[in-house]
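Chains A and B supply the protein sequences, listed in that same order. Just so we're aligned, residue 1 is where the first sequence starts under our numbering, counting upward by one. Just so we're aligned, residue 1001 is where the second sequence starts under our numbering, counting upward by one.
Keep in mind the hints are simulated off the structure, nothing from the lab. Computed from a predicted structure; not experimentally measured. Careful: at least some of the hints might be erroneous.
[Unchecked claim] Restricting the straight-line Cα-Cα distance to at most 30 Å, the calculated cross-link-like pairs of lysine-lysine (BS3-like) are: (1) B:Lys1061 <-> B:Lys1113; (2) A:Lys57 <-> B:Lys1103; (3) A:Lys57 <-> A:Lys70; (4) B:Lys1068 <-> B:Lys1103; (5) A:Lys95 <-> A:Lys53; (6) A:Lys11 <-> B:Lys1103; (7) A:Lys70 <-> B:Lys1103; (8) A:Lys11 <-> A:Lys95; (9) A:Lys95 <-> A:Lys70; (10) A:Lys95 <-> B:Lys1103; (11) A:Lys11 <-> A:Lys70; (12) A:Lys70 <-> A:Lys53; (13) B:Lys1061 <-> A:Lys95; (14) B:Lys1061 <-> B:Lys1103; (15) A:Lys53 <-> B:Lys1103; (16) A:Lys95 <-> B:Lys1068.
Residues per chain are reported as follows:
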Amino acid sequence: DAGITQSPRHKVTETGTPVTLRCHQTENHRYMYWYRQDPGHGLRLIHYSYGVKDTDKGEVSDGYSVSRSKTEDFLLTLESATSSQTSVYFCAIKKRDRQETQYFGPGTRLLVL
Amino acid sequence: AQSVTQPDIHITVSEGASLELRCNYSYGATPYLFWYVQSPGQGLQLLLKYFSGDTLVQGIKGFEAEFKRSQSSFNLRKPSVHWSDAAEYFCAVGEGFTGGGNKLTFGTGTQLKVEL
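Same shape as in the complex, but just chain B:
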């Protein structure tokens, strides 16, 4: 069964500092990988996704993520964090298309706090 591990429950960074959120997955085939962000009291917003091809993917709000098959990782990065980036971040892995409906498995999330 597929699984996702986000080893950092909470991370605090200073505004303007760089950020890396870790995500490790377990999946037998080539995964579909996603990062979502959730602000307090809100739904989940898609930041970026990996399907195939270039292993460095760009997303919204200046975020990027790199797929590393050898490490089973899909870490999220941002070179300079803004106070508005404070939120909870979820990594997810999706099954390949089966015709019967895909399923996403989520990590437990990383809560990001930004210090001014």
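Here chain A stands alone, though its shape is the one from the complex:
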């Protein structure tokens, strides 16, 4: 257990609506990540953070923004949700080990109608 919670766990929203997903960790890890999981694509990195207010883009960052004002929270925002953003979103943290191991939260299932 990596002490990661995600909220909400399920959300249904309408196209054009802003949506914010929250990832919360309790172990003070520096690195946090947001991935999306879609059938046939595995997991793809959206954004990641390497410290408070330090973030960078992943491979599928268009349409998403992130913020990290506290070590423990990493927020993912869909400014104007689209149906193509229907997905399962996973947050991950990287522990301080040599193997760069990432541990994942339980996921948020988002449906955009």
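For this one, chain A is given, so just place chain B on it according to the hints.
Showing chain B alone in chain A's frame:
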């Protein structure tokens, strides 16, 4: 750019039979390699990882994987599958530590079905 290929989308095995899930990667340097398992509706659980040293790594739940640099492979094996092993399995490759945050690239997954 790094990439991971899991050529088998679905695999079905009988309970008690052996299992091998294939993973091939593309990465210029020495890779960090991982296998994760995902049960339906759940998050990803780390099975095992390779960083350096012994090319045969042991993981949880009786799984092992062998790193073969010459074949760019990191196949997952289990000598005797249990019905509870039915899940989706993901191979991933990570960039070496850069100081700016590592990134994992995942394969598309292999869905394992276990027949009783």
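We went through each hint and held it up to the structure:
1. For a cut-off of 30 Å, the pair hint linking B:Lys1061 to B:Lys1113 stands: about 16 Å separates their Cα positions.
2. Note on A:Lys57 and B:Lys1103: the hinted pairing holds, with a Cα-Cα distance of about 11 Å set against a maximum of 30 Å.
3. Pair hint A:Lys57 plus A:Lys70 holds up; C-alpha atoms about 19 Å apart against a cutoff of 30 Å.
4. As the CA atoms of B:Lys1068 and B:Lys1103 are separated by approximately 22 Å, the hinted pair is consistent with the 30 Å bound.
5. Our distance criterion of 30 Å between C-alpha atoms is met by A:Lys95 and A:Lys53, whose separation comes to about 19 Å.
6. Restraint check for A:Lys11 and B:Lys1103: satisfied, since their Cα atoms lie roughly 27 Å apart, inside the 30 Å limit.
7. With a C-alpha separation of about 21 Å, the suggested pair A:Lys70 and B:Lys1103 falls inside the 30 Å cut-off, and the hint holds.
8. Restraint check for A:Lys11 and A:Lys95: the C-alpha separation of about 29 Å stays at or below 30 Å, so the hint holds.
9. Only pairs whose Cα atoms come within 30 Å are accepted, and A:Lys95 paired with A:Lys70 is accepted, the gap being roughly 17 Å.
10. Distance hint between A:Lys95 and B:Lys1103 is fulfilled; the C-alpha atoms sit about 13 Å from each other, no more than 30 Å.
11. Between A:Lys11 and A:Lys70, the direct Cα distance comes to roughly 24 Å. Compliance with the 30 Å bound is thereby established for this hinted pair.
12. Distance hint between A:Lys70 and A:Lys53 is fulfilled; the C-alpha atoms sit about 8 Å from each other, no more than 30 Å.
13. Distance hint between B:Lys1061 and A:Lys95 is fulfilled; the C-alpha atoms sit about 22 Å from each other, no more than 30 Å.
14. Pair hint B:Lys1061 plus B:Lys1103 holds up; C-alpha atoms about 26 Å apart against a cutoff of 30 Å.
15. For a cut-off of 30 Å, the pair hint linking A:Lys53 to B:Lys1103 stands: about 18 Å separates their Cα positions.
16. As the CA atoms of A:Lys95 and B:Lys1068 are separated by approximately 26 Å, the hinted pair is consistent with the 30 Å bound.
When held up to the earlier numbered hints, the structure conflicts with none and fits them all.
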